[in-house]
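*Asks:* Residues per chain, in single letters:
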Amino acid sequence: MKRQKYLLNKVAWSFFTILFVLVLNFLLFRVLPGDPARAGVRDPRMKQEAIEAIRIRFGLDKQVINCFESLNPIKVGSCTVNPFDTQFFIYVRNLLQGDMGISFHSNRPVAEILVERLGNTVLLIGAGQILAIMLGVAFGIIAAWKARTAIDYAALLSSLLAWSLPTFWLGIILLFWGSGHGLPIGGKATPGTSSLPFLQQWGDIARHMLLPTITYTIVYMGEYMLIMRSSLLDVLAEDYILTAKAKGLSTFQILKDHALKNAMLPLVTVIAINLGFTVAGALQIEAVFSWPGLGGAIYEAVVRRDFPVLQGAFLLIAVSVIIANLIADLTYSYLDPRVQSE
Amino acid sequence: MAVQTTELKPSVPSSPLLDFWRVFSRNRMALVGLVMLVAIFVGAVFASQLAPYDVTTSENITINDIYNPPSSTHWLGTDDAGKDVLSNFFFGARVSLIVGFFAAFISVVIGGVLGIVAGFYGGRVENLLMRFTDIMLVIPDLPLMVVIVALTKPSLLNIIFVIGLLGWTTTSRIVRSQTLAVKSRKFVLRARAIGAGNSHIIRHHILPLVMPLLVVNAILVISLAILDESTLSFLGLGDPTALSWGQMLNFAFGRGAMSAGAWWALVVPGFGIVWVVLSLTLLGHGLEQVLNPRLETHHLTPGRPVIRSEIPWRQETKKGEAPILLDVRDLSINYITEGKPPARAVEKVSFQLHEGELMGLVGESGCGKTTLMLALLRLLPAAGQIVGGGAYFTDKELTAMSEAEIADVRWKGISIIFQGAMNALNPVRTVSDQIAEAIIKHSPPIPRSQLDARVVELLDLVGIAAQHKDHYPHQYSGGMRQRAMIAMALACNPQVVIADEPTTALDVMIQAQILELLDNLRRKLGLSIIFVTHDLGVVAEMCDSVLVMYGGVTAEYGDVDTIYNAACHPYTQELLKAFPDLSNPEKRLASIPGYPPRLEALPAGCRFAPRCPAAFARCASEQPALHSLGEDHFASCHLVEASP
Amino acid sequence: MFAKKTVALFIALVMILSLVLSACGGGAKAQPVTLRIGWAGSPDTLNPGTAVLAEAWTIFELVYDSMYDLQLDGSYTLDLAESVKTSEDGLVWTYKIHDGIKFSDGQPLTADDVAFSYNFYAANTDFPYMNPYTAYFDKVEATSNNEVVITLTEAIPNIDYQLVFLYVLPKHIWEGVNPIEFENVEMIGSGPFKMVEYKQNEFVHLAANKDYFRIPPIIDEVIFQTFENQDALVQAIKTGQVDLITEMPNTAVATLRNEPNIAVVTGAPFAPEVTDIIFNQCTPGNCPLDAGGVCSGHPALQDRNVRLALAHATDKQKIIDLVLLGLGTPGLTLIPDGLGMWYNSSLKDYEFNIPLANQILDEVGYKDANGDGIRDMPDGSHPLTFRLNWPSDSINAPRTAELLSETWGQIGVSLQMQAVDPDALTAQCCPAFDFDIMIWGWGSDPDPNLLLGVMTTDQIPTGSSETGYSNPAYDTLYNQQATELDKDQRIAIVWQMQQIVHDDVVYIIPFYPQATQAYRTDRFTGWITDKPKVALEDVTSLVVVKPVK
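Protein chains in written order, with our numbering: chain A, 70 to 411; chain B, 5 to 648; chain C, 1311 to 1859.
So that you can see chain A by itself, here it is in the shape it has in the complex:
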């Protein structure tokens, strides 16, 4: 019962956070300076009517929300206008229907563009994170086990170094090196390979994924290693480890049956909290390696002033992180029997 209440609490809270992000997202883009209808279309050929048509098409002619006609500059408007006819409500209603608007740049539905790209980001992040976790945990265990020896210091130093590297810079350096050694300079696949058989196609994709994944892994491996090490050090200093040793268990048995599960728990939390960072990393890596993912979508949307895409991508990323956090919380609660209530 208690656990159910805990879970319900977490879910409700996540839901509330998503609502907050929705509103934040809406406000951010209404407070922007400049006229989105003219985004990137400063051209004498474009007649006033065309600009007006764009404005109407994107719903920018309506009042922002009750009492406010626009937010930048703040212009007070009618408080009694039909709330369903305000930009805010239309925005919410469209979102609920899965409609994130139309891209200024490509005239395609934003949702369609983003969903395509979401998969690519998940692929890249997934591979990178799994490798980072595996390697980070492995090195963290070794470092903690061999604490204060040369192995530990080496691992510690290299982790701190990896953590200090700016993600995009590591990407650039690897790209520079890799491009001189026959690795692809960017993108997800060589064009024309979509008609190739499955294995060949994915072999090509794997070649493209190599450098970005390595970049990803190096950056996050360092952090996970540090967390695992410190967590395991804490755990190994606990009394129950002494009890286990007193029971005659071997080092390996102690690590496997007593230390790891306990030490992994903070790691789960960190992975969850880190999801914000992993997304930030994805943004940088996708920008440098031209990976067609969600982070790249944000970057391109910024460059092109494609506000619907930018708004949609930001929302999608934020919501993904919130949901991933929720999943991590729930996972944690299943792993740690001590968790019963908030």
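Derived from the structure by calculation, the hints contain no laboratory data. Quantities reported herein were computed from a predicted structural model and do not represent experimental measurements. Heads up, the beta-carbon is just placed ideally off N, CA and C, and yes, glycines get one too. One should not assume that every hint holds.
What the hints assert, rightly or not - If you anchor each label on the Cβ, the simulated ranges turn out as follows: (1) C/Lys1677 to B/Phe45: 41 to 47 angstroms; (2) A/Asn78 to B/Ser481: 24 to 30 angstroms; (3) B/Asn162 to A/Gly167: 31 to 37 angstroms; (4) C/Ala1802 to B/Thr61: 41 to 47 angstroms; (5) C/Glu1496 to A/Leu268: 26 to 32 angstroms; (6) C/Glu1569 to B/Thr301: 57 to 63 angstroms; (7) B/Phe105 to A/Val145: 39 to 45 angstroms; (8) A/Thr218 to B/Trp25: 50 to 56 angstroms; (9) A/Glu121 to C/Thr1453: 32 to 38 angstroms; (10) A/Leu77 to C/Glu1496: 49 to 55 angstroms; (11) B/Lys190 to A/Val145: 53 to 59 angstroms; (12) B/Lys400 to A/Asn78: 54 to 60 angstroms; (13) A/His250 to B/Gly126: 57 to 63 angstroms; (14) C/Gln1341 to A/Gly167: 39 to 45 angstroms.
What the hints assert, rightly or not - Derived pair list, reagent style SDA-like, types lysine to any residue, alpha-carbon separation capped at 25 angstroms: (15) A/Lys74 to B/Val129; (16) A/Lys74 to B/Glu409; (17) A/Lys71 to B/Gln479; (18) A/Lys325 to B/Glu409; (19) C/Lys1628 to B/Glu409.
To be verified - Over the 12 angstroms line for every Cβ pair with chain B, so calculated as not near, a few chain C residues: (20) Lys1412; (21) Asp1448; (22) Thr1463; (23) His1515; (24) Asn1615; (25) Pro1640; (26) Asp1757; (27) Leu1760; (28) Asp1785; (29) His1812; (30) Asp1840; (31) Val1858.
Use these hints to put chains B and C onto chain A, whose structure you have.
*Replies:* Quick look at chains B and C alone, frame taken from chain A:
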């Protein structure tokens, strides 16, 4: 007789700052980080002097100066505008550092204020603030920063504010927890009691204690801010009129450095960022270690080798006595710490445990009891080392065994019931699992059902109902946990059980239950028990023999009646005097003045001399040997020697 | 105004009638001959009505036909039409379409399709770029299977320019679709190439239309691959991943020139570009308050002498050297040199001469009143401190700004430099006129009409005029050239207009950037590189290149 107390004279004058510096400088990581940081600071501050070229003018620059590789005229080459990279590096340091520090300052101030307010005032305010912090924590930073900066002006001030306004979340959480911890400390309550106002308390009590953690966190925030600025600038959202390292990278990457093969334009600014962030990371990491020193050794750290002295002779069992299970002779144990003399935790302690005997091991905290017991099973922490003497278990020499051999003896031959059973049991595994584990380790494979049955049997032995077997330790009460520990200790039918202060953390009623249980089990299963305690009353009731330790040495050793009725060592006598006697309720409670000796700086003579009411001149200069006072009665005191 | 990355559209269909190369190495090949082109952009959509990006127009040029083709030297030739007749008053144009033209789905292209397309473009007022080309259309009808009659509302000198971008769409596909939302993924057209596959921001895969009514391409396929940035393009051609790149960072030119098997071509871009320094000289009398004019420009900029002094203090060659690595030509007026005959090459530019600039300002009374090194207005009211802005997505503008700041500093002018979000910059610029000086740029149409119009008084309230310049004499000439039917006369008028604005120092044009492209010499040959403009991805080259043996 005058009591001469030997006091440790400090050899250097100490002030808190100097002490801090001493510890700090010993932490190599922090030192390296600090040096690196100072170096780059100097570079930034003295940029005008250090930079070989004036980067504000293009007067002498021509088209041939663009992307020149490193040479004698330009040590680090030139960039896309033909300007010297090394010079830009120094000036770039200024911008990067300024943005980083100011942004971090804003974050830390906001986070600190929010954290203290939340932690201090609690209630709704805390709830609201923490919920808000949680939301901001979840929203991904970089995309939000990108969006905001993209929608506003790409100016330096703007970037500082955006980074600053989004970077406070970790700070507020940490400050809040620390404030909570400090708030309930006694001195705060005391300050309140005498009427101190909130702001006074915050300023004078909370803030100083929150500061160290805040500083460590601030260092982390600075490094993050610098990384954020460089990322934003690289993505083209920075201020192109302020050439930070990130902006240098933006220009290089966007103006064809890669195609020109101009690796120097890419490597150098990035190197700067790495240098600063690494220095801050090392500094922060090191500071954290200084403030929260963690031993960084743990229970799996390989132990130190035993220094074997001449093999002590084994005592033969006397006729008519039960066989000797444990024979400890002149066992000495030191704790080694770097840069300090070894702490002589146990020195030349001897005792014998016969089959079926219950020996009480008595002494103050820190007198070496637990160390002695751990040493028997070679469970000493990494700093501990057996430096003399030996111990036998039946016919096996414990002090000569390898790790594999002693693992066999552990639990099966000798088991331990630890004190403070909350942490002695693994909180994420069920109790039955942990008991079963011991059985599995030391017996040939048995089917699961039999295993379960045995676990239930053991739990029943200690009075825990079978329905609790698959529960977790936190679901047990304190008394139940201790009983579960006992059950676990008996799982492999050991011959000797060491009970290390098994009742210390429990209330009196439960204590009595546990003791009774132990006693019953002993009789039922024919166990031999070493009962470590500082409670003389218990010893009197249950034990057959008593070993009194003080300052790591045997004070007195003998059977219980002798000790209680004919104690010879002044310490034992004082202990007995200090113990309240129900039969004589009006007797004044005595206590032993003074403190136990510091093991790294032991007095030259008898360890008890500084506090001994009967001490005389010889006591301060010469350590007394262990004198035999008759049948199995020993005491280490000069006074004893005098008497027959 | 077009920032380089966003707008810009000019493409032209160029069909070379007389170039027939023998197809050596033809015959049944097991592998299709595929030409790979790398670029750093991607079409925004395949719908010609709504597209705004240059890359989309490149594809349209390859997949569709229109009435005329724009050649690489700026002239027009008939494409779909085999002949044209004009009425006496110049209002009625009759085009005779070739016979036997087919769309890629096998359907014939008839006058019906032409008329449908033109009316389609005219009817949809929210087609941002197409609609204006039909501004003068009164009526368009197909009078027979192969005859189209266009009736104009007034006689204009450049109907070829109006029609060259109006791609002929298949009526049977486009009739009844939602003009804005139709994605046109299949792109059924009649051009020399047809659509195979399109993935936005990844690639465009075209196949040769071997049934093309003119000479079909020699190669079998063309794939345009999108790379995120120009460095990737350079690497791609070095490693042979692509055979041609349409752009590269100027710093790569030297590197690529050193590579065996790679040739670098530089010249005027197909869509000539102008980088301009814009002076806000809108007078209070002309301030378009109704349209939201703020008109906060520095008063000194309304004084021609100040602008003249600044022009003399601008070292254009140095800017070209350091910002473009020499790959640009010094600018004169908004009309770029790539427009060939329209460009007034006789104008003499203001030379870089700091002492002269100082002298000018001294003589007119802009002295440093308070000794802070910055000149002040003659009445001492304002210092000559100007706000200098540029769009934050331009990587070259900051470098240009730095150089300006240096040399202008030597004549006692100080700058407050700030990169601004392009959107916000638009809002600041026009018709708000809330700035002092801006660095921005244009991409030019093949016809100078639009750029000339930017400097007219009429365009001040519409947002097209960036400077607020108002000169009735210029306005008159503008209206004249818009309807002058005699080509030489029109050129003379356009030249005169350029003289006027150059004399008035309405802008300072630092340079016209050049285009740089590179191709692999060991893959394909036959590239058209001897024209004033460089556009190897244009139809001109793509239909004639063939693999190297």
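*Asks:* Evaluate each hint against the coordinates.
*Replies:* Here is what the structure says about each hint:
no.: 1; hint: C/Lys1677 to B/Phe45: 41 to 47 angstroms; in the structure: 43 angstroms, holds
no.: 2; hint: A/Asn78 to B/Ser481: 24 to 30 angstroms; in the structure: 27 angstroms, holds
no.: 3; hint: B/Asn162 to A/Gly167: 31 to 37 angstroms; in the structure: 34 angstroms, holds
no.: 4; hint: C/Ala1802 to B/Thr61: 41 to 47 angstroms; in the structure: 45 angstroms, holds
no.: 5; hint: C/Glu1496 to A/Leu268: 26 to 32 angstroms; in the structure: 30 angstroms, holds
no.: 6; hint: C/Glu1569 to B/Thr301: 57 to 63 angstroms; in the structure: 59 angstroms, holds
no.: 7; hint: B/Phe105 to A/Val145: 39 to 45 angstroms; in the structure: 40 angstroms, holds
no.: 8; hint: A/Thr218 to B/Trp25: 50 to 56 angstroms; in the structure: 27 angstroms, violated
no.: 9; hint: A/Glu121 to C/Thr1453: 32 to 38 angstroms; in the structure: 36 angstroms, holds
no.: 10; hint: A/Leu77 to C/Glu1496: 49 to 55 angstroms; in the structure: 50 angstroms, holds
no.: 11; hint: B/Lys190 to A/Val145: 53 to 59 angstroms; in the structure: 55 angstroms, holds
no.: 12; hint: B/Lys400 to A/Asn78: 54 to 60 angstroms; in the structure: 56 angstroms, holds
no.: 13; hint: A/His250 to B/Gly126: 57 to 63 angstroms; in the structure: 59 angstroms, holds
no.: 14; hint: C/Gln1341 to A/Gly167: 39 to 45 angstroms; in the structure: 43 angstroms, holds
no.: 15; hint: A/Lys74 to B/Val129; in the structure: 24 angstroms, holds
no.: 16; hint: A/Lys74 to B/Glu409; in the structure: 50 angstroms, violated
no.: 17; hint: A/Lys71 to B/Gln479; in the structure: 14 angstroms, holds
no.: 18; hint: A/Lys325 to B/Glu409; in the structure: 21 angstroms, holds
no.: 19; hint: C/Lys1628 to B/Glu409; in the structure: 83 angstroms, violated
no.: 20; hint: Lys1412; in the structure: 43 angstroms, holds
no.: 21; hint: Asp1448; in the structure: 45 angstroms, holds
no.: 22; hint: Thr1463; in the structure: 43 angstroms, holds
no.: 23; hint: His1515; in the structure: 26 angstroms, holds
no.: 24; hint: Asn1615; in the structure: 26 angstroms, holds
no.: 25; hint: Pro1640; in the structure: 14 angstroms, holds
no.: 26; hint: Asp1757; in the structure: 33 angstroms, holds
no.: 27; hint: Leu1760; in the structure: 29 angstroms, holds
no.: 28; hint: Asp1785; in the structure: 36 angstroms, holds
no.: 29; hint: His1812; in the structure: 27 angstroms, holds
no.: 30; hint: Asp1840; in the structure: 26 angstroms, holds
no.: 31; hint: Val1858; in the structure: 24 angstroms, holds
When the structure is compared with the earlier hints, violations turn up for hints 8, 16 and 19 and for no others.
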